[in-house]
Each structure stands twice: as structure tokens, then as C-alpha cells.
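Colleague: Listed below, chain by chain, are the residues.
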Amino acid sequence: MMELTQKQWVRHAVTHPVEGFEDMRWKKAGSLKIALIVIVLLFFGQIAYGRLYGFQFYISYDKTFNIVPYIVRSFVLFGAWVIGNWSVCTLLDGEGTLRNICVYSAYALIPYVVQLYLNVILSHFLIRDEYVFMQIIELIGVGWTAILLFSAIKSVHQYSFKKTVLAVVLTLAAMFIMLFLLVLFMSLIQQIFIFISTVYTELSYRAKV
Amino acid sequence: MKSKLKRCITAIAAFAALASLGVSSAAAEGAPYESYNYDRWGDAIPSQAGYLPDRTVSGIDLGVGAFDSPDDIFFDSNGLLYIADTGNNRIVVTDKDFGGAERIYDRFTMPDGSETVLKQPMGVYVSAEKGLIYIADTENSRILVSDMEGNVQQVMTKPQTDVYDQKRTFLPQRVVADKAGNVYTVLGNITTGAAMFSPEGEFMGFYGANRVEPTAKIVSDHFRGLFMSDEKKANRKRTVPSGITSFDMDGEFIFTCTSSTTQKTDTVKKLNAAGKNIFADKELYFGDYKPIYDATQNKMFSPSMVDIDISEDGCINCLDFTTGRVFQYDEECNLLFITGAVAKQTGGFDHAAAVESCGDKLYVLDSSKDTITVFRETSFGSIVHEAASLYNDGYYEEALGPWQEVLKRDGNYRRAYVGVASALLRKGDYKGAMKYAKLADAGDIYNKAFEGRRREFLKENFTAIAALLVIGIGGLIVVGKYRKKRGTAVKTEKKEAEQL
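Note that the protein sequences, when read in sequence, are chains A and B. Note that the first sequence covers residues 1 to 209 in full-length UniProt numbering. Note that the second sequence covers residues 1 to 500 in full-length UniProt numbering.
Treat the hints with care, since some could be wrong.
Simulated restraints, written as ranges between beta carbons of each label pair [stated by the list, open to error]:
1) A:Phe185 with B:Lys344: 24 to 34 Å
2) B:Tyr482 with A:Trp26: 27 to 37 Å
3) B:Thr296 with A:Arg206: 27 to 37 Å
No farther apart than 35 Å at their CA atoms in a straight line, the calculated lysine-lysine pairs in the DSBU-like style are these [unchecked claim]:
4) A:Lys63 with B:Lys237
5) B:Lys408 with A:Lys63
6) B:Lys290 with B:Lys237
7) B:Lys438 with A:Lys63
8) B:Lys299 with B:Lys369
9) A:Lys33 with B:Lys290
10) B:Lys96 with B:Lys361
If you're looking for bench data, these hints aren't it; they were derived computationally from the structure. Heads up, the beta-carbon is just placed ideally off N, CA and C, and yes, glycines get one too.
Hey, can you work out the whole structure from these sequences and the hints?
Modeller: This is the structure in C-alpha cells:
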């Protein structure tokens with residue numbers, strides 16, 4: 001039973017929201033490589049969504065291009081989710097490993113990524129009156145990903161429904177704390193850097209004499 | 001590739017040359033500032049001037065002695081300029097070329113034959129229909145309505161009704177009258193709108209009060225108020241909207257402006273006869289987009305619109321006291337030109353007080369320099385005005401020529417791209433309209449042009465698309481059948497292998 005290649009497993013997981021990830025866990029399937037590809041595609045999808053959208057729907061500020069927000073919205077957020085979930089669920093008797101959480105979560109993101117590209121393409125063919133189609137696609141994509149993500153966490157840790165809800169809420173809190181600490185840390189580093197550079201400047205002026 | 005690079009370099013060089021030319025020419029004309037406009041992202045960029053300072057006129061030039069902090073000017077329908085010379089307690093009338101004073105009103109004959117004088121009159125208005133002069137005689141707390149000979153027809157004083165809080169003063173600062181003879185007056189320290197009087201001089205109520213902006217503080221105060229005792233509520237700081245500072249009449253509409261720097265909504269309003277603000281639902285912003293920060297005083301300077309004027313072709317001129325600039329908008333509130341500055345030279349102001357327009361000229365009154373500065377329209381300005389008025393009247397195609405001329409002179413003039421895009425859309429040149437709408441950042445025009453272009457494209461290529469669709473679907477069916485067949489074949493093979 002269920003002798004599938006890695007590619008077929010992707011399809012199986014995405015099209016079977018309830019059973020898919022359970023089967024994957026049973027068969028110890030899932031590839032880190034595919035997960036990484038999904039996240040990279042998410043990154044480029046976000047950029048396309050922000051910059052290549054049809055002009056009748058959205059006008060981007062194309063005087064400057066800053067890549068940092070796109071990195072944050074893809075790699076950083078996903079990383080925070082995986083690490084946050086792993087650290088929370090280790091304490092909550094979860095059975096998932098870091099690798100599995102990463103792979104399952106990435107698989108769950110596929111509908112969202114597909115939705116991004118689909119909408120960018122459609123935005124060049126539709127007019128404002130037909131925007132509702134794009135909204136429907138977006139809604140389906142986001143909803144599907146939400147269900148898959150929930151199912152992924154549920155099966156990777158072998159949780160009950162209630163416990164999964166708790167885990168997801170705690171994970172979100174953990175993500176928030178992590179990002180907060182990150183910002184704090186960065187601003188601290190900046191302060192230290194400014195201090196050091198000021199001291200250096202001061203010294204370089206004095207040392208000349 | 002090489003030619004592209006070359007073209008790019010030439011374009012940049014040409015642009016640089018043009019830019020330097022533009023700046024130097026503006027400087028040569030003698031404006032003490034560099035004219036600018038806003039691009040599609042709301043950033044200030046250099047632009048061609050629509051108006052340039054021509055001359056300044058003082059009371060001495062008119063031969064009537066220096067003005068003393070004049071507060072208001074008004075052009076009547078015959079092109080005569082009425083100056084409310086506040087400090088000298090008089091109204092000076094001159095023609096628009098400032099050939100000399102036509103007349104000075106400082107004494108009036110009351111209906112009972114006695115004489116009366118003005119005291120610090122701050123506003124003046126002349127009704128073309130009635131042939132009457134309306135004067136806001138501020139320190140005398142009255143409005144004088146006089147005929148052209150100085151015979152007072154009517155006096156309006158503090159209304160003795162419950163609607164008007166008797167503890168408050170009655171200090172009329174600006175006055176206008178509509179065609180029917182209703183008189184509207186802006187009062188100092190009254191925030192409930194302009195006082196309105198019937199042609200018979202009866203107080204009819206207030207008109208066109210500003211709204212309170214729903215800031216976070218006001219919202220939280222409201223919720224806190226739910227839990228307070230009445231006594232405590234009565235002692236709280238009250239939030240009232242800032243009052244109207246000035247207004248102008250244009251046909252049936254009254255335009256008001258408010259000089260409060262803290263207020264963001266309702267700084268400029270267009271009121272209909274019922275006092276409803278027509279601009280209320282539009283997201284409009286008047287004045288500079290970004291407040292100016294002065295490091296020496298650690299203060300932000302927000303726009304403070306002290307006077308408003310509607311020119312004959314419907315353009316709205318708003319005078320910003322903070323920056324000494326006149327912001328000119330067309331009927332649809334698109335920014336056309338920014339003129340003026342805070343400066344000592346001609347074209348700059350110390351204490352800008354009032355703005356008026358007559359023909360192709362702008363007149364700005366400075367109540368600290370005691371002068372009137374005349375700005376004349378440049379040739380660029382006249383083309384833009386022509387194009388804008390054609391455009392606003394719906395003659396998009398006729399406006400195409402002028403707009404293209406505008407773009408030739410100033411490629412950064414965003415409004416022109418909107419005009420060209422609309423004209424091309426009307427003509428049915430969807431591709432061109434899309435291109436210009438993109439440059440103008442006009443999503444709605446782009447949307448319409450795109451719809452047209454898509455329809456055109458489908459019509460032209462219908463057969464090709466239909467053929468592709470048929471082939472595609474056919475191909476899919478064939479492939480599906482083939483795969484199914486192969487799939488079953490593989491399965492049976494597998495089964496056989498298992499059996500063996």
C-alpha cells in the first residue's frame with residue numbers, strides 16, 4: 001500500500017487534508033528538498049505579488065526596491081513558525097522532529113503559494129469588475145493552507161484536536177516573542193556599533209595630533 | 001544594447017540640461033523660491049512655474065498713504081479691487097492695474113442721517129446683483145451694508161436670540177452675500193460655523209460648521225465619558241472643531257477654509273446651499289503633503305489655510321499662511337500650481353492674509369508688509385489652465401493638444417498624463433491610454449483602457465484562440481486516455497508479477 005514517489009507524496013498530502021499527513025508520517029515520507037523549494041517559491045511569489053501585479057488593481061511604489069520585507073515575509077516568518085512550534089511542542093509532548101515540522105509545514109503552504117502566482121497571472125487578464133474571482137481564489141488558497149497547516153501540526157505531533165489548537169496559539173505567541181527579541185537585539189547591536197564607531201572617530205581625531 | 005545605453009545617456013544629459021535651464025530661467029525671472037509640484041507618489045519635485053511675481057503695490061503707490069495691516073481684498077464684477085485697510089479704518093477701492101485710488105470709504109451715512117466711521121474693518125464683499133458693499137466692521141461688532149455712495153442700507157449686529165450664546169462676542173471677520181441677498185459672516189471665536197442673516201437682516205442660524213476629527217484621543221475620551229459622572233463631564237476639556245477662517249462664494253457654492261494647523265479634515269470645504277460639504281466623502285488633501293520641520297524651533301509647521309478664492313474659471317486658490325504659498329487646484333481638486341514663499345523679496349510674504357484672482361493674475365495681500373503682490377500667469381500656466389478647464393468640462397479630446405504641449409514643457413507634470421490618458425481612452429486608442437495611465441498612476445483609467453484593449457485583442461484573435469482551445473482540450477483528452485490505458489496495463493503487469 002501507498003508506494004508513492006516523493007512527488008506523488010506532495011500531491012497526496014495537499015489533496016487529502018485529513019488523512020494526507022497521517023499517511024506521510026506512517027510511511028516516513030516527505031523531502032526537505034521539496035520543502036525548501038516551496039519556501040523559495042513562496043519568497044518569489046511574495047515579490048511577484050508585490051511588484052508584478054496588474055496595474056488596474058494595485059500600484060506599487062517602484063521608485064525603490066527593498067528586498068528585506070519580502071525576506072521577512074517568507075524565510076523569517078516560516079523559520080520563526082518552525083522553531084516556535086518545535087520549541088513549544090517539545091514541552092507539550094509532541095512527537096514531531098524539527099525536520100518533520102519543517103517539511104509538513106512547507107507542504108501545507110503549497111495552496112497559498114499557488115494562489116499567489118495564480119492571482120498575479122490573473123491580474124493581468126481581468127479587470128476590476130472581475131476582481132471577485134481573484135478574491136475567491138485567494139480565499140480558497142488561504143483557507144486550504146490554514147486547514148492543511150492545522151492538520152500537519154496535528155499529525156506531526158500526534159495531538160488531539162484541542163491540543164493542536166493550543167499548540168498553534170502558543171506557537172503564534174512564541175513567534176511574536178522571538179521576533180520581538182530579534183528586533184530588540186538588532187537595535188541593541190546598532191547602539192553598540194554606534195558607540196564603538198563614535199569612540200573610534202574620537203580616537204582617530206585625537207591620535208592625529 | 002549599445003544604442004539603448006547611448007540613448008539612455010543622451011536622455012539623461014538632455015534632462016540635466018533642461019533641468020538646469022528651468023532652474024536658471026526661474027531664477028532669472030526673479031522669484032525668490034523654486035517652484036515645485038508633487039509627483040505620483042506624493043514626493044515634491046521641481047516643476048515649471050504657473051505664476052511668477054510681477055510687482056508689489058503699496059498704499060503709497062496708490063497715493064493714499066501706506067496701508068496699515070490690511071486684512072482682506074475683494075474684486076467686484078467690474079474689476080475694481082476693494083481693500084479692507086484695517087489699521088486705517090477705511091476701505092480703499094482701486095482698479096486692477098493700480099492706476100490710483102478710485103475711492104476711499106471711511107465715512108458712511110446712516111439711514112437716519114447721522115455719520116458713522118469704521119473701526120478695524122477686516123472683511124469686505126461687493127454683491128454684483130444688489131450693487132451693495134458688505135463690510136465686516138469688526139471692532140464695532142457689526143456688519144454694514146452700504147450702497148456705492150456710502151449710504152448705509154442695513155446694519156447687522158449681535159443677534160438677540162437663544163441660538164446665539166449671549167456671553168460670546170460678535171466680531172465679524174469675513175463677509176459674503178449670495179445672489180438672494182443672504183449674508184454669511186465668519187465670526188472670531190465662534191466655532192459653530194458662519195452666522196447667516198436673511199436679506200432683511202434677521203439672524204437665521206449658523207452655517208457649515210466643521211466636524212471634529214475622530215482621532216484616537218477623541219475616541220478614547222468618548223469611551224471614558226461613558227463611565228463619568230455628569231459633574232466630572234462638565235469640568236472636562238471639551239473638544240470643539242476649529243472655526244472657519246475665511247470663505248468665498250462661487251455661484252451656489254460657498255468654499256470655506258480653516259487655518260487650524262492641528263485639524264486635518266475639513267480644512268477646505270465646498271458647501272452647498274444646505275450647508276453640506278461636497279468634498280466630505282472624497283479623500284482630499286490641501287496644502288503640502290509633508291509638514292515642514294523647523295529644527296531651530298523644534299516645531300512642525302502644518303498647512304494653515306487663511307484664505308480661499310475661486311477664480312472665474314473655477315480654480316480654487318488656497319493661501320497657506322505657514323509657507324506663504326498659494327496652492328491652486330482645479331475644480332476637481334487636482335493640484336495645479338504652488339506659488340509663493342515666506343521671503344522678503346517680491347513674491348514672498350511675511351504675513352500672507354488674503355488672496356484674490358482676476359483674469360490671469362493672482363493678488364496676494366500681505367498684512368505685515370502692507371502690500372499687495374501681483375502674480376502673472378506664465379505661458380505654461382495658461383496652457384495648463386486651458387487644458388484643465390477643457391478637461392473638467394468633459395472635452396477630453398479637445399484637451400489632448402494642450403496636455404501634450406504641457407508634457408513637452410514639463411515631463412513631470414502628472415496631471416497632464418491623466419489628461420492624455422483620458423483623451424486617448426475617449427478616442428479608442430486603448431494601448432496609448434494604458435501607457436499614459438500607467439505613467440499617471442491612474443488605476444481607474446488604466447482599468448477602462450485595459451478592458452477595451454482586452455476586448456479588441458479577443459476580437460482580433462478569436463479564431464486563433466478558439467483553435468488553440470479546441471486543440472488543447474482534444475490533446476488533454478487523448479493524453480488522459482493514453483495514460484489510463486498505460487496505467488491499467490502497468491497494474492495488470494504488476495498483478496501478474498505478484499501472482500507469479
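Colleague: For each hint, tell me whether it holds in the structure or not.
Modeller: Checked hints:
1. The hint said 24 to 34 Å for the Cβ distance between A:Phe185 and B:Lys344, and at roughly 52 Å that hint is violated.
2. Restraint check, B:Tyr482 to A:Trp26: a C-beta distance of roughly 32 Å satisfies the suggested window 27 to 37 Å.
3. Here the CB-CB span from B:Thr296 to A:Arg206 is close to 31 Å, well matched to the stated 27 to 37 Å.
4. With a C-alpha separation of about 45 Å, the suggested pair A:Lys63 and B:Lys237 falls outside the 35 Å cut-off, and the hint is violated.
5. Under the criterion of a C-alpha separation no larger than 35 Å, the hint pairing B:Lys408 with A:Lys63 is consistent with the structure, at around 23 Å.
6. Taking the CA atoms of B:Lys290 and B:Lys237, the gap is about 29 Å. The hint holds against a cut of 35 Å.
7. Among the hinted pairs, B:Lys438 with A:Lys63 is consistent with the structure: their alpha-carbon atoms are about 14 Å apart, no more than 35 Å.
8. Taken as a hint, the B:Lys299 and B:Lys369 pair is honoured in the structure, with Cα atoms around 25 Å apart against an allowance of 35 Å.
9. Between the alpha carbons of A:Lys33 and B:Lys290 the distance comes to roughly 48 Å, so the proposed pair goes past 35 Å and is violated.
10. Using a Cα cut-off of 35 Å, the hinted pair B:Lys96 and B:Lys361 holds, with the two alpha carbons roughly 10 Å apart.
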